[in-house]
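Participant: Sequence:
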Amino acid sequence: MSEVARERIWAEWIDRPQHWMDTYHKGGHQVFLERFWLDHVSRWQDLLPGQIVSWKSHVRQALYDDESGDGSIPDGARVVIFHGKPRPWDIGW
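Mapping of the sequence shown onto our numbering: position 90 corresponds to residue 91, and the numbering continues sequentially without gaps.
Treat each hint with caution, since some may be false.
[Said to hold, decoys possible] Cross-link-like lysine-lysine pairs, in silico, DSS-like; alpha carbons within 25 Å at most:
hint, residue 1, residue 2
1, K57, K27
2, K27, K86
3, K86, K57
I should point out that these hints are in silico values taken from the structure, not numbers from a laboratory.
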């Protein structure tokens, strides 16, 4: 991140810190920072489509409408991301 970007983020934060803490108290500092970098940073899953997958969304048997898994790793996947529970060792990986 450039010095200019860091200065812009700090200037916005320091101008209204209580506002930002009240606004993002549930999502934490990451949600505040995403406002600045999502337009400028590529995500790995966008750079390598189909190669980085979520265990919850793409592998496990679909439990919810936003999941597509059938219990197997999708063809072409090179990395399976575990976020939250379960952890890899919880399912025997």
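Participant: State for each hint whether it applies.
Facilitator: Here's how the hints hold up against the structure:
{"no.": "1", "hint": "K57 x K27", "result": "22 Å, holds"}
{"no.": "2", "hint": "K27 x K86", "result": "19 Å, holds"}
{"no.": "3", "hint": "K86 x K57", "result": "9 Å, holds"}
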